[in-house]
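Chemist: Sequence order for the protein chains is A, B, C, D, E and F.
To convert, note that position 33 of the first sequence is 930 in the working numbering; the numbers rise steadily by one, no gaps.
To convert, note that position 56 of the second sequence is 953 in the working numbering; the numbers rise steadily by one, no gaps.
To convert, note that position 54 of the third sequence is 951 in the working numbering; the numbers rise steadily by one, no gaps.
To convert, note that position 5 of the fourth sequence is 902 in the working numbering; the numbers rise steadily by one, no gaps.
To convert, note that position 22 of the fifth sequence is 919 in the working numbering; the numbers rise steadily by one, no gaps.
To convert, note that position 80 of the sixth sequence is 977 in the working numbering; the numbers rise steadily by one, no gaps.
Don't read these hints as lab results, they were simulated from the structure.
There's no promise every hint is true.
Treat identical chains as interchangeable: a pair holds within one or across any two.
As the list claims (entries may be wrong) - The calculated lysine to aspartate or glutamate pairs, modelled on EDC-like cross-linking and capped at a C-alpha distance of 20 Å, are:
(1) K986 with D1018
(2) K936 with D955
(3) K986 with D922
(4) K936 with D913
(5) K986 with D955
Protein chains: 6
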Amino acid sequence: MIEYEHASPEVRAVYDDIRSTRRTDFINNFWKALANDPKTLARTWQATKQIMAAGTLDPLTKEFVYLAVSVTNNCDYCLHSHTASAVTKGMTASMFGELMAVVALANANNRLANGYGVEVDERFRAPFGR
Amino acid sequence: MIEYEHASPEVRAVYDDIRSTRRTDFINNFWKALANDPKTLARTWQATKQIMAAGTLDPLTKEFVYLAVSVTNNCDYCLHSHTASAVTKGMTASMFGELMAVVALANANNRLANGYGVEVDERFRAPFGR
Amino acid sequence: MIEYEHASPEVRAVYDDIRSTRRTDFINNFWKALANDPKTLARTWQATKQIMAAGTLDPLTKEFVYLAVSVTNNCDYCLHSHTASAVTKGMTASMFGELMAVVALANANNRLANGYGVEVDERFRAPFGR
Amino acid sequence: MIEYEHASPEVRAVYDDIRSTRRTDFINNFWKALANDPKTLARTWQATKQIMAAGTLDPLTKEFVYLAVSVTNNCDYCLHSHTASAVTKGMTASMFGELMAVVALANANNRLANGYGVEVDERFRAPFGR
Amino acid sequence: MIEYEHASPEVRAVYDDIRSTRRTDFINNFWKALANDPKTLARTWQATKQIMAAGTLDPLTKEFVYLAVSVTNNCDYCLHSHTASAVTKGMTASMFGELMAVVALANANNRLANGYGVEVDERFRAPFGR
Amino acid sequence: MIEYEHASPEVRAVYDDIRSTRRTDFINNFWKALANDPKTLARTWQATKQIMAAGTLDPLTKEFVYLAVSVTNNCDYCLHSHTASAVTKGMTASMFGELMAVVALANANNRLANGYGVEVDERFRAPFGR
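Take these sequences, add in the hints, and give me the full structure.
Modeler: Printed below as a string of structure tokens:
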């Protein structure tokens, strides 16, 4: 893990941007680990900053989606860091409970659809060209 | 696939509830396939109806989460049926694009966190007792 | 896909063993595809033959387990070939329905356990040295 | 984690049913964590109780299937709790060994089938309408 | 799918870069689909171009890694596009066979390690700080 | 975990082969855990020895592929043991960084392809008969 003091100028520039974007001095371990590969650090931070910002979806909705993927993939680090992040953006215990319920339901129903080999209904074809 | 006309009273009761809950006559293939196992049909419909309804998370947010899981698990049927469902609840093409971007980002970052074996930061421990 | 007529002696030996073990002339596509890499064909057939045979678990139970994994991984070919195989060994539609219900439940509960970060109970430690 | 003493009547009712169904005073951590969301606790317990009971598949076979999914998804908690559960229902070390062998084989062969893009054989189509 | 003729200047710029980088006029469907979300198109192309280029790993090795992930995740499109790509860079049928064998082995052994709950050996700790 | 001193002749024979093949006295925990099921131990070692040896792909390339699968599946043990193994065969920190970047990219792009339901391009059909 690369601390700010021992970081190259290239890495420091990313750390500085993380700090000013998030208005905090705290750099979490994910970035300190990625700093071993400065190109991946810079690219991953740019992508994360761009994608997780407000757009047509608000930042909290994006955190829910991120958490849903992380729980499904069983990524313990991501679960902890994005739970913290979602709480900062307004997630309550009750919202977390509903989120987990949807994630569990989708994981179950995905397998029922696969296992029974359900064919896509004609009227479900098409939106967004698919 | 069990059509309404050939369904047992037990299965018909579920189909009737799907129709009245969704205000449509349409029963999609997922339920017609599950009807081969009436207990699973009834249990899955009850769970889906309860979980996907408005709560502290609104129904569209729940569809985003459901889609995120289905894309990650590569469930083609679920992707189609819940894209249709999300569109009904207000998802635009631009929202779908942002959703996919978050799903892709989370799937990438999950692997970076796993691969680098990033340790959970002390301050990320605790919310909701974990 | 390598047909028997165009197969090398090495591949034919495996096909012959598949036929005599299964008491059928039919060679399914999986083996014909693997025949492009004769070492993988031979090794995979040997492993499959040894593992799927009766042991302390009976062959039908093994098919249920194989199907559970294939549904979870969404492997369409495996789902079809091992459903056929399980039917030959006695799986009924009702058994298939219960199997799918367990697979869906486990996929859901796996995510609830992960998402809530549930700690392993002291008394669950130990069996088989873990 | 919600202990019995601090649980609401709604949660206590589920705990009481777990205790009487399993003939034990022990409530494992999974349920104590879910108790933070009483609806999910009740729904998950009802589903688990119904699905894991004896049907056309016996309870031990269902535990094997549950374990196969949990190993494939890498759910450590589920692996421990359902190994304990399976041992109670008669799983021996030798059965566990065979179970793991089938799980590993299926995970390997799933990828060979996907990677080679094997087409489903005509005669594997059809059982249970697929 | 957005064709070059109907693409916005922003999308055309990406298509032009794909064409000149790959020395071909051909734009494959992946990019035409992403063009519905120009930001994701640009970001994904930049990342792909940077990551898949020669570095301390050569481009063919990177294609093997990409294929290994795509087979494990069962992404049919990715499997086809990156098989084509790997063939262009020198992958032979024999290399593909060995690649699939490693992918299958790793997927099997991953589950044996998880299922037996194997503890990490002391001497395996440490490389790259983990 | 079965130590050499307490191992049956069948298990010892495998341990001896591991030692002589790898020119070390060290037997890592994976094999000691599998030794509880001697058939799986022998079969898994034979497969691993055969598949991971030099062929048309060199051993280091095979370790990269193995690691890519293990990171994607989140197998902590496999990640540690094969990182150690890859380092022995020449993997540098820079190679590891590039490897992780490709793994993350593929996991992201797999979901973009799935989520947008991208159709396979005509010219990507065919290599190796698919």
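Chemist: For every hint, state whether the structure bears it out.
Modeler: Hint by hint, here is what the structure shows:
1. K986 with D1018: This pair counts as between: shortest inter-copy Cα distance 19 Å, intra-copy 38 Å.
2. K936 with D955: between (28 Å within a copy, 17 Å between copies)
3. K986 with D922: within (18 Å within a copy, 40 Å between copies)
4. K936 with D913: Within one copy, since 16 Å is at most 20 Å while 24 Å is not.
5. K986 with D955: both (10 Å within a copy, 16 Å between copies)
Of the numbered hints listed earlier, not one is contradicted by the structure.
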